[in-house]
Amino acid sequence: MSSDHHAHNPGFISKYVFSLDHKVIGVQYTVTSLIFLFFGFSLMMIMRWQLAYPGEAIPLVGGWLGKYLVDNNGVLLPEGYNSLGAMHGTIMVFLGVVPLAVGGFGNYVMPLQIGAPDMAFPKLNMASYWVYFAGGVTMLSSFFVPGGAANSGWTAYPPLSNIANTVGTYPFWNGQTIWLLAMVLLITSSLLGSVNFIVTIMHLRVKGLTMFRLPFFVWAQFVTSFLLLLAFPPLEAAGVLQLMDRVFDTSFFMPSGLVVSGVVQEYSGGGSPLLWQHLFWFLAHPEVYVLILPAIGIVGEIIANNTRRPLWGYKTLVYSVIFLGFMSFVVWAHHMFLTGMGTAMSTFFQTTTMIISIPSVVILTALLLSLWQASIRFTVPMLFALSFLPMFAIGGLTGLPLGLSASDIQLHDTYYVIGHFHYVVAPGTIMALLGGVYFWYPKVTGRKMSTLLGHLHFWPSFVFMNTVFFPMFMVGLAGVSRRLWDQTEYVQGIDVQGWVRMSSWGAWGLGLAQLPFIINFFFSAFAGKKVDANPWKATTLEWAAPSPPPHGNFAEVPVAYRGPYEYSVPNAKEDFHPQHIPDSQVV
Amino acid sequence: MAASAEDVRKSIKSYLLVFGALAVLTVITVAASWLKVSVALAIFIALVIASVKGSLVASVFMHLTGEKATLYWVLIISAFFFLLLVLLPVLQTWETSHLIDQVKP
Amino acid sequence: MSSELLPHTLDAHPVTGMYNGKFGVWLFLASEVMLFGALFSAYILLRTHGDFPTHKETLLNYKIGALNTFLLITSSVTMVMAWASFKLNDPGKGKLYLWITVILSCAFLFIKIKFEYMHKIHEDIIPSTSTFYGIYYCMTGLHGLHILGGVVVMLYFLTVGSGLWNKNQQQFTNRIECTGLYWHFVDLVWIFLFPVFYLL
Amino acid sequence: MIASSFWLPPDISEHGSQIDIIIKYLHWFMAILFVAWGSYFLYCLVRFRAGANPKATYGDAKAKPSKVAEIVVIVIEAALLVGFSIPVWAYYRSEPPTNADNPLTVRVVAQQFAWNIHYPGKDGVFGKTRPELVDEALNPIGLVDASEDPAAGDDYVSVNIFHAPKGRDILVRLSSKDVIHSFAVPLLRVKQDAVPGMEIPIWFKAEKTNEEAQEMMKRAFELPASAEGAEAERFIKENRLRVTMADYGSVPKGATLNAEHLKTLIAAGTTSVELAPGFPVNIQCAQLCGLGHYRMKGQMKIYEPEDFEAWYSSAGEVEVFDEDEFDDE
Ligand code: HEA
Ligand code: HEA
Ligand code: CUA
Ligand SMILES: [Cu+2]
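Protein chains in written order, with the numbering used here: chain Z, 33 to 619; chain H, 57 to 161; chain E, 3 to 202; chain F, 3 to 331.
Hints are computed from structural coordinates only; laboratory data are not their basis. It is possible that part of the hints are untrue.
Unchecked claim - Cross-link-like lysine-lysine pairs, in silico, PhoX-like; alpha carbons within 20 Å at most:
| hint | chain 1 | residue 1 | chain 2 | residue 2 |
| --- | --- | --- | --- | --- |
| 1 | Z | Lys605 | F | Lys57 |
| 2 | F | Lys66 | F | Lys26 |
| 3 | E | Lys65 | E | Lys114 |
| 4 | E | Lys65 | E | Lys122 |
| 5 | F | Lys255 | F | Lys220 |
| 6 | Z | Lys347 | F | Lys265 |
| 7 | Z | Lys605 | Z | Lys569 |
| 8 | F | Lys130 | H | Lys160 |
| 9 | F | Lys69 | F | Lys57 |
| 10 | E | Lys95 | E | Lys169 |
| 11 | Z | Lys562 | Z | Lys480 |
| 12 | E | Lys95 | H | Lys69 |
| 13 | H | Lys160 | F | Lys124 |
| 14 | Z | Lys569 | F | Lys239 |
| 15 | F | Lys220 | F | Lys303 |
| 16 | F | Lys168 | F | Lys124 |
| 17 | F | Lys220 | F | Lys239 |
| 18 | H | Lys66 | E | Lys95 |
| 19 | F | Lys255 | F | Lys299 |
| 20 | F | Lys255 | F | Lys239 |
| 21 | E | Lys97 | E | Lys65 |
| 22 | Z | Lys155 | Z | Lys47 |
| 23 | E | Lys97 | E | Lys169 |
| 24 | F | Lys69 | Z | Lys347 |
Start from the sequences and build out the full structure, keeping to the hints where you can.
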């Protein structure tokens with residue numbers, strides 16, 4: 033079916049730049065988003081200097097950060113701090129993790145895992161990458177416009193975001209407006225991608241691959257796509273409304289009678305600031321599950337492969353993920369408990385929030401039980417996957433005090449929240465995604481990454497991740513607000529300064545710990561050990577294709593004969609039964 | 057819908073019928089807006105008529121009646137989230153703006 | 003082009019009952035429901051929130067609105083007729099219907115812009131005049147962009163893209179069907195916009 | 003700061019202990035779960051490593067313990083939700099102090115980057131305000147003239163300092179002039195966003211005065227070896243918001259240590275002093291509100307009721323509070 037296309041030799045441009053091949057697009061996504069991740073992290077390493085040593089000049093880079101970020105002495109400005117913070121959040125979420133988890137891994141691995149020759153809509157796929165790319169470039173360009181990048185947080189709450197970054201008379205030429213335009217592009221890209229994913233998963237599975245024989249990772253991508261499909265449009269709508277507010281002076285989010293810096297604001301009024309928050313969090317809560325579900329999927333794959341036994345409770349896992357996806361649409365206002373909620377609404381949202389924690393507990397328990405009576409191989413990807421479990425547990429558990437509206441009174445908008453979600457997204461998702469890179473690298477390049485460098489990457493990263501984020505819980509409980517340029521303005525802030533410095537040192541250590549990875553990533557592509565198509569002795573279909581898979585993926589269209597994780601089946605020749613090998617050849 | 061030529065020919069008639077119905081309903085909506093009824097009732101009437109028109113378009117022009125369960129599920133889920141998105145923000149903002157009524161000025 | 007070789011490009015999938023393109027369009031429409039849903043939510047919230055003028059106090063001309071509604075529902079019929087004609091292997095009639103659809107939608111846009119937007123802007127009624135006009139311009143503008151997009155796609159199939167009919171009739175008809183689904187949805191949105199802005 | 007427990011700041015409000023209880027119970031619960039799960043996890047890693055268990059078992063592990071664990075989690079979450087969180091919120095949000103409780107009612111108007119506390123004066127009625135009248139220095143909330151609204155005549159506005167009595171209900175009508183802020187007083191376990199265009203009520207009762215809070219928070223600090231040099235400078239910088247809690251001869255109680263003080267103390271052979279925050283009950287802004295968000299700080303001054311009355315009856319026009327001068331008070 034697929035062996036005969038592209039009889040002619042496509043040129044470099046159509047092969048590697050405007051390629052329609054899901055694998056090339058997947059690699060494009062992966063590399064671009066890794067670079068964005070590193071960039072987003074660098075912003076935070078700068079901010080952590082100001083937090084650890086408030087008011088001292090930033091070493092090394094302070095001199096050339098530009099007048100919107102630092103003053104003449106190289107000290108970070110408060111508005112520069114806000115810009116970096118907003119851009120860190122935005123870049124990490126929308127330009128780093130989502131494109132890596134969905135655009136990168138989803139694009140590359142998912143079609144292979146279902147035995148498809150490509151995505152259902154290759155042109156749409158290419159378009160979604162380039163729209164993402166355009167969004168990223170637009171977002172970055174905002175560092176250079178007058179007034180600097182957006183500085184109202186990644187949440188961009190109006191009225192602040194409506195009045196922020198207005199410099200001179202250019203309606204478009206300022207950070208916040210560019211942020212909005214870039215967000216519209218990024219959301220569009222995700223929408224194109226999610227349509228493509230759903231159709232591909234439903235329509236292009238090979239013969240024999242029923243829904244309940246799909247690898248867990250595919251299920252995770254499937255649910256994620258629905259979240260992207262249905263949750264992103266409201267933010268797109270909100271973005272359009274805020275653009276109108278900024279460019280056409282409407283007042284959707286501006287109530288009447290505002291006085292900013294002593295000046296009465298002129299506009300028609302009658303808007304609602306809370307409207308933005310609803311539309312934003314309607315997206316952003318499902319969004320956080322977009323950040324975690326693909327990671328859980330990757331962890332599931334790696335764990336099944338390295339425990340050499342089937343995932344415990346595969347169906348339970350699938351149902352939990354579906355339920356999680358569904359529930360994630362009905363909890364959003366737990367981010368808004370303190371905007372003035374009455375008893376009725378707060379009861380509704382805290383109850384749904386407690387309910388949504390149950391499927392997470394079930395998922396984690398199932399993954400944990402998969403270790404029982406296993407034969408655990410501590411490969412590098414497995415180390416990353418294993419570290420995900422306790423880290424996600426800490427992140428998830430600390431979500432509970434935030435989810436109860438009464439305890440959220442004390443913890444809302446403190447570093448406790450920062451600690452909570454970083455435990456899920458950084459030691460959780462980031463570690464899982466890195467594990468995924470090590471796991472599928474041999475498929476993409478035909479070569480393995482260095483194990484030694486892998487260990488040099490894993491252990492310090494694991495330690496430093498905790499050094500960065502654990503102290504944040506203490507800082508938060510002590511009552512220090514987030515987004516503070518200088519927390520030592522407050523006596524509580526001075527008291528926890530030791531913890532804060534520890535976080536900062538951890539962050540820089542974490543930065544250093546990425547060097548072995550970067551080296552490993554680029555060098556192994558041509559210096560790594562050559563391996564065969566199935567180096568991990570895995571069962572799912574992507575390992576049935578050659579490494580790297582040719583255009584069209586499979587030399588011969590596979591047929592699925594069984595479920596995804598048939599490891600250590602009694603009386604078998606080997607300890608794994610690939611999905612595509614008929615029974616007659618394995619027993 | 058993999059319709060045969062015969063089916064298509066048959067459905068052309070229903071397209072024209074629906075067209076007529078839509079035109080009539082548009083006239084009715086405009087007429088109804090001149091009725092002297094309360095605002096709530098007026099909104100209700102207008103939305104009911106719009107929903108009827110919408111379902112006609114969806115089920116006949118878009119052939120929704122001939123589709124399979126998968127699509128229904130997708131649409132039901134979006135419709136449900138749509139309702140939440142419309143209702144909850146309004147309720148919450150309403151509740152918040154009335155909290156102050158509990159305390160005397 | 004590799005996409006021709008992908009499964010279910012032409013034939014319906016046994017479970018979903020749709021070919022790839024149609025399923026894709028329906029999913030896209032589901033997301034459009036949420037997009038316009040969010041805007042309707044904004045409208046209702048702003049309206050119940052306080053100082054929000056209603057149509058009785060505003061100058062929207064419901065007669066123009068009704069005329070436009072009529073144009074759009076007519077274009078929906080001609081659209082579905084176009085698809086039916088292609089399906090019945092009558093490309094001449096199909097094209098004719100498609101042209102009528104294009105003309106009707108251009109008429110819609112023309113009336114919208116010339117007699118509503120321009121007229122209003124002339125009277126200095128712009129989005130920032132009041133929240134009502136803000137959301138009116140926003141929602142009808144977004145809807146107008148959707149119309150414009152539909153027109154561009156139809157013109158594509160009438161001109162540059164019409165060659166596909168000779169190569170693969172079924173695929174061409176499928177694409178017309180997908181365009182039609184989108185088109186009916188745009189019509190459907192207007193069916194709600196009209197009473198919400200012009201009558202209530 | 004002396005952590006009352008779980009690193010929380012001391013609690014000086016009436017309702018705060020109920021919030022703390024949830025935080026404490028929940029964290030114990032989380033810790034137990036984590037340790038239990040973690041031990042199982044580590045046990046598996048060791049017991050079932052490939053070296054020790056070369057052949058994995060195909061069948062499912064027993065599901066019962068996991069079911070039990072999940073049910074325990076559900077039950078405890080439900081108990082915390084229904085037993086603690088919802089009632090606290092219901093009390094805190096829907097049972098405002100009544101007139102019979104004689105609450106002190108104030109308006110708090112947030113702005114970039116200050117807290118305006120508007121007292122109604124003796125008549126207990128707030129004067130009208132209008133945005134056009136706002137003058138950042140003289141009339142930050144745009145209060146009308148007494149000729150327009152007699153109720154405005156005795157109104158009193160204090161910027162960044164919130165005077166309040168102990169042991170009496172305090173009812174705050176919270177709003178904002180420009181963007182969203184968040185009125186947070188960690189010691190009182192109070193936090194509420196100030197949303198422009200809305201007035202949102204919150205209420206609380208302080209059970210400690212500033213002095214009593216300082217007593218709770220006082221702590222001994224080692225003095226540096228020398229009164230000069232980097233270490234001494236850092237000591238002064240880090241303690242610039244604290245005051246002495248006892249009389250140290252040349253340095254009176256309630257003083258902020260400066261280089262001069264340090265010199266005399268070290269010369270007198272003192273090695274440690276007891277310090278506590280000068281203003282222990284601070285108001286923070288918890289919602290990003292612009293470049294000055296980090297310094298949008300107010301202070302509460304909680305008096306004994308009779309001292310409060312004395313202050314209230316003598317209060318003047320607009321009081322602007324500057325923290326750097328607080329030790330002169
Ligand atoms: C991937 C991202 C992610 C995930 C998965 C979650 C998961 C959860 N989150 Fe989190 N959250 C964020 C990202 C995430 N969150 C972000 C980014 C913000 C802040 C945004 C901002 O304001 O900028 C936030 C903020 C946030 C708030 C608002 C706080 C505030 O602003 O005041 C709340 C409140 O309810 C909350 C709750 C929860 C809950 C209940 C879960 C639950 O789903 C968690 C359920 C999980 C568990 C309960 C773990 C169970 C596991 C075990 C018990 C097993 C132990 C196992 C071993 C030891 C191996 N989150
Ligand atoms: C997915 C989301 C995500 C991720 C992964 C991170 C990762 C990190 N975050 Fe981030 N953060 C946010 C989302 C995220 N953050 C958000 C939403 C906010 C709120 C913003 C706001 O207030 O508006 C925030 C805020 C925030 C703050 C609070 C600032 C404040 O309130 O003032 C801090 C403080 O320390 C912080 C620190 C860090 C650190 C140290 C990491 C580290 O863990 C980073 C780890 C990263 C890596 C290890 C990079 C790995 C990549 C490579 C090694 C690339 C290699 C390249 C090639 C091979 C080509 N973050
Ligand atoms: Cu005001 Cu932050
Ligand atoms: Cu959330």
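Results of checking the hints against the structure:
A hinted pair counts as satisfied when its Cα atoms are at most 20 Å apart, and Lys605 (chain Z) with Lys57 (chain F) qualifies at roughly 13 Å. For the suggested pair Lys66 (chain F) and Lys26 (chain F), the alpha carbons sit about 29 Å apart, so the restraint of at most 20 Å is broken. Restraint check: the Cα-Cα separation between Lys65 (chain E) and Lys114 (chain E) comes to about 12 Å, which is no more than 20 Å; the hinted pair holds. Of the supplied pair hints, the one linking Lys65 (chain E) and Lys122 (chain E) holds, its CA atoms being roughly 15 Å apart against a limit of 20 Å.
Restraint check for Lys255 (chain F) and Lys220 (chain F): the C-alpha separation of about 12 Å stays at or below 20 Å, so the hint holds. For a cut-off of 20 Å, the pair hint linking Lys347 (chain Z) to Lys265 (chain F) is broken: about 73 Å separates their Cα positions. A distance of roughly 13 Å separates the Cα atoms of Lys605 (chain Z) and Lys569 (chain Z); the hinted pair therefore holds under the 20 Å criterion. Taking the CA atoms of Lys130 (chain F) and Lys160 (chain H), the gap is near 16 Å; set against the 20 Å cutoff, the hint holds.
A hinted pair counts as satisfied when its Cα atoms are at most 20 Å apart, and Lys69 (chain F) with Lys57 (chain F) does not qualify at roughly 27 Å. Between Lys95 (chain E) and Lys169 (chain E), the direct Cα distance comes to roughly 19 Å. Compliance with the 20 Å bound is thereby established for this hinted pair. In summary, the hint linking Lys562 (chain Z) to Lys480 (chain Z) is supported, as the alpha carbons are separated by about 7 Å, within the 20 Å threshold. At roughly 17 Å between alpha-carbon atoms, Lys95 (chain E) and Lys69 (chain H) fall within 20 Å of each other, so this suggested pair holds.
For the hint pairing Lys160 (chain H) with Lys124 (chain F), the CA-to-CA distance comes to about 17 Å; that is within 20 Å, so the pair holds. Note on Lys569 (chain Z) and Lys239 (chain F): the hinted pairing is violated, with a Cα-Cα distance of about 61 Å set against a maximum of 20 Å. The straight-line distance between the Cα atoms of Lys220 (chain F) and Lys303 (chain F) is roughly 17 Å, inside the 20 Å bound, and the hint therefore holds. In summary, the hint linking Lys168 (chain F) to Lys124 (chain F) is supported, as the alpha carbons are separated by about 19 Å, within the 20 Å threshold.
Using a Cα cut-off of 20 Å, the hinted pair Lys220 (chain F) and Lys239 (chain F) holds, with the two alpha carbons roughly 18 Å apart. Distance restraint check for Lys66 (chain H) and Lys95 (chain E): the Cα-Cα separation of roughly 17 Å lies within the 20 Å cut-off, and the hinted pair is therefore satisfied. Simply put, Lys255 (chain F) and Lys299 (chain F) have alpha-carbon atoms about 25 Å apart, too far for the 20 Å limit, and the pair is violated. Distance restraint check for Lys255 (chain F) and Lys239 (chain F): the Cα-Cα separation of roughly 19 Å lies within the 20 Å cut-off, and the hinted pair is therefore satisfied.
Distance restraint check for Lys97 (chain E) and Lys65 (chain E): the Cα-Cα separation of roughly 31 Å exceeds the 20 Å cut-off, and the hinted pair is therefore not satisfied. In summary, the hint linking Lys155 (chain Z) to Lys47 (chain Z) is supported, as the alpha carbons are separated by about 13 Å, within the 20 Å threshold. In summary, the hint linking Lys97 (chain E) to Lys169 (chain E) is supported, as the alpha carbons are separated by about 16 Å, within the 20 Å threshold. Taken as a hint, the Lys69 (chain F) and Lys347 (chain Z) pair is honoured in the structure, with Cα atoms around 15 Å apart against an allowance of 20 Å.
Violation of the numbered hints given earlier is confined to hints 2, 6, 9, 14, 19 and 21; the remaining hints are satisfied by the structure.
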